[in-house]
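Q: The lines below spell out each chain.
Protein chains: 2
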Amino acid sequence: MEEHIVSCNTFDDQEDVAKLFAKYDIDVLPVVNNDNCLIGIITSDDIIDVMEAEVTEDIQKMAAIRPVEGSYLEASVFEMAKSRVPWLLILMLSATFTGMILQNFEDKLLIIPALTAFVPMIMGSSGNAGNQSAVMVIRSMAINEITMKDFLKVLFKELQIAVICGAALFAVAMIRILIFPPHVTLEIALIISATLFLSVVISKLLGAGLPFVSLVFKQDPAATTTPVLTTIIDVVALLIYFQLCVIFLGL
Amino acid sequence: MEEHIVSCNTFDDQEDVAKLFAKYDIDVLPVVNNDNCLIGIITSDDIIDVMEAEVTEDIQKMAAIRPVEGSYLEASVFEMAKSRVPWLLILMLSATFTGMILQNFEDKLLIIPALTAFVPMIMGSSGNAGNQSAVMVIRSMAINEITMKDFLKVLFKELQIAVICGAALFAVAMIRILIFPPHVTLEIALIISATLFLSVVISKLLGAGLPFVSLVFKQDPAATTTPVLTTIIDVVALLIYFQLCVIFLGL
Numbered sequence: 001m002e003e004h005i006v007s008c009n010t011f012d013d014q015e016d017v018a019k020l021f022a023k024y025d026i027d028v029l030p031v032v033n034n035d036n037c038l039i040g041i042i043t044s045d046d047i048i049d050v051m052e053a054e055v056t057e058d059i060q061k062m063a064a065i066r067p068v069e070g071s072y073l074e075a076s077v078f079e080m081a082k083s084r085v086p087w088l089l090i091l092m093l094s095a096t097f098t099g100m101i102l103q104n105f106e107d108k109l110l111i112i113p114a115l116t117a118f119v120p121m122i123m124g125s126s127g128n129a130g131n132q133s134a135v136m137v138i139r140s141m142a143i144n145e146i147t148m149k150d151f152l153k154v155l156f157k158e159l160q161i162a163v164i165c166g167a168a169l170f171a172v173a174m175i176r177i178l179i180f181p182p183h184v185t186l187e188i189a190l191i192i193s194a195t196l197f198l199s200v201v202i203s204k205l206l207g208a209g210l211p212f213v214s215l216v217f218k219q220d221p222a223a224t225t226t227p228v229l230t231t232i233i234d235v236v237a238l239l240i241y242f243q244l245c246v247i248f249l250g251l
Numbered sequence: 001m002e003e004h005i006v007s008c009n010t011f012d013d014q015e016d017v018a019k020l021f022a023k024y025d026i027d028v029l030p031v032v033n034n035d036n037c038l039i040g041i042i043t044s045d046d047i048i049d050v051m052e053a054e055v056t057e058d059i060q061k062m063a064a065i066r067p068v069e070g071s072y073l074e075a076s077v078f079e080m081a082k083s084r085v086p087w088l089l090i091l092m093l094s095a096t097f098t099g100m101i102l103q104n105f106e107d108k109l110l111i112i113p114a115l116t117a118f119v120p121m122i123m124g125s126s127g128n129a130g131n132q133s134a135v136m137v138i139r140s141m142a143i144n145e146i147t148m149k150d151f152l153k154v155l156f157k158e159l160q161i162a163v164i165c166g167a168a169l170f171a172v173a174m175i176r177i178l179i180f181p182p183h184v185t186l187e188i189a190l191i192i193s194a195t196l197f198l199s200v201v202i203s204k205l206l207g208a209g210l211p212f213v214s215l216v217f218k219q220d221p222a223a224t225t226t227p228v229l230t231t232i233i234d235v236v237a238l239l240i241y242f243q244l245c246v247i248f249l250g251l
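Note that the protein sequences, when read in sequence, are chains R and H.
Per the UniProt record's numbering, the first sequence starts with residue 1, numbered consecutively.
Per the UniProt record's numbering, the second sequence starts with residue 1, numbered consecutively.
Keep in mind that the hints were calculated from the coordinates and are not lab data.
Any copy, or any two copies together, can satisfy a pair, since identical chains are not distinguished.
Below are the EDC-like pairs computed for lysine to aspartate or glutamate, each with C-alpha atoms no more than 20 Å apart in a straight line:
#, residue 1, residue 2
1, Lys108, Glu187
2, Lys82, Glu69
3, Lys19, Glu57
4, Lys153, Glu74
5, Lys153, Glu79
6, Lys23, Glu69
7, Lys19, Glu145
8, Lys218, Asp150
9, Lys19, Asp46
10, Lys23, Glu74
11, Lys153, Glu69
12, Lys149, Asp16
13, Lys23, Asp150
14, Lys149, Glu74
15, Lys19, Asp45
16, Lys218, Asp16
17, Lys23, Glu145
18, Lys23, Glu54
19, Lys19, Glu54
20, Lys19, Asp220
Predicted, not measured: the structure shown is a model, and the values here were computed from it.
Produce the complete structure using the sequences and hints provided.
A: Encoded structure:
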């Protein structure tokens with residue numbers, strides 16, 4: 001007699017049930033109640049629809065959208081707006097921090113105005129780098145490829161990837177800055193490229209680490225990581241940039 | 001006799017086959033060769049693994065990552081870096097445009113330095129708004145909820161959503177700017193908030209429209225839209241901001 005039978009409980013979350021199907025490659029899953037009595041079955045074609053809906057939800061969360069019920073064309077304009085406004089407002093307000101850093105450094109930016117021109121490049125690259133790591137980790141968590149115990153392994157892997165990515169950006173940035181306007185001194189070019197390297201490394205570690213922090217607090221990594229990450233990375237990247245400017249340009 | 005039988009060809013893409021399963025809620029799909037002879041079947045549990053892999057690929061593409069084969073822990077550090085560096089470099093170089101706009105406006109920013117402090121807020125909010133729309137449309141395309149014929153319907157829907165989101169941002173930005181530093185005149189607060197409104201509306205239309213452009217050129221919307229979008233939006237948002245400053249502040 002088969003003793004270990006894969007089954008699910010009536011109260012199990014549909015996402016967890018879908019994971020069982022992916023894990024065990026089964027066609028049919030028995031559903032049991034709390035007394036372990038069989039009360040129904042789920043077939044894998046039911047699960048395909050569930051998976052589709054769950055993935056849509058995850059993708060929306062990662063794009064700073066609260067999950068919307070129903071299909072794109074069915075959902076009302078008002079519902080859609082309601083699902084998008086909260087994060088837009090939160091992220092707009094959190095840009096206050098970046099604004100404050102820029103403002104504090106304002107009088108120094110007046111001395112070498114070309115420094116401002118590189119702010120979008122630095123903030124953008126760091127944001128992209130961090131987002132790449134976060135999305136890789138969040139997706140791997142969603143399909144159970146990564147769990148809490150892989151934390152250090154993931155962080156070390158991202159560190160290595162980050163150093164390679166950072167080095168590539170450093171090299172290409174040096175060439176780009178020295179060839180195209182705005183023209184700056186070799187020293188400033190080095191500061192900008194070094195900022196890119198450092199902020200890419202830190203952003204990737206933050207992007208890989210934050211989903212684990214979400215897990216610790218029993219939050220959904222998809223919903224909490226990506227929006228929060230951007231704000232933190234923007235602040236960190238600017239602080240590195242201006243700190244290097246202060247140290248090496250004596251501003 | 002059943003005349004219309006759903007089936008797939010040996011040369012069909014696995015993503016298209018998965019869509020058939022989701023659409024018809026079937027357990028088994030016959031596979032036929034070019035002579036319409038049955039040569040095998042696919043069961044829905046096979047499709048679950050295919051769907052998982054395809055979705056992972058789409059999510060990676062949207063995060064400016066070239067799809068990586070194998071699981072996160074299996075893929076080598078070098079493979080991972082190789083899948084991330086190209087877009088990081090492209091996006092870094094494309095930030096040159098934003099830098100050029102900032103540089104052109106530099107002497108004017110020197111007159112009212114507080115204007116610089118709001119640049120991250122404007123670029124960030126526009127980027128988030130556009131990304132929300134792009135991700136919604138791309139995902140709906142992936143699960144066949146939206147096709148080319150829905151172009152105008154989608155654009156009109158996004159326009160309405162954008163006006164609501166833009167209005168919310170306008171209102172909250174006005175309050176935020178007038179209460180918190182850096183302190184600016186009412187006129188500048190109005191310019192910043194109006195920039196937010198306009199750039200959110202345009203970004204959402206761009207975000208919703210670009211996936212259709214990808215379709216026209218037979219490109220994968222997930223792979224082409226999101227990275228390109230950010231660069232375009234950054235440029236558009238800055239141009240709106242500085243243009244309004246020139247018109248209303250006489251800079």
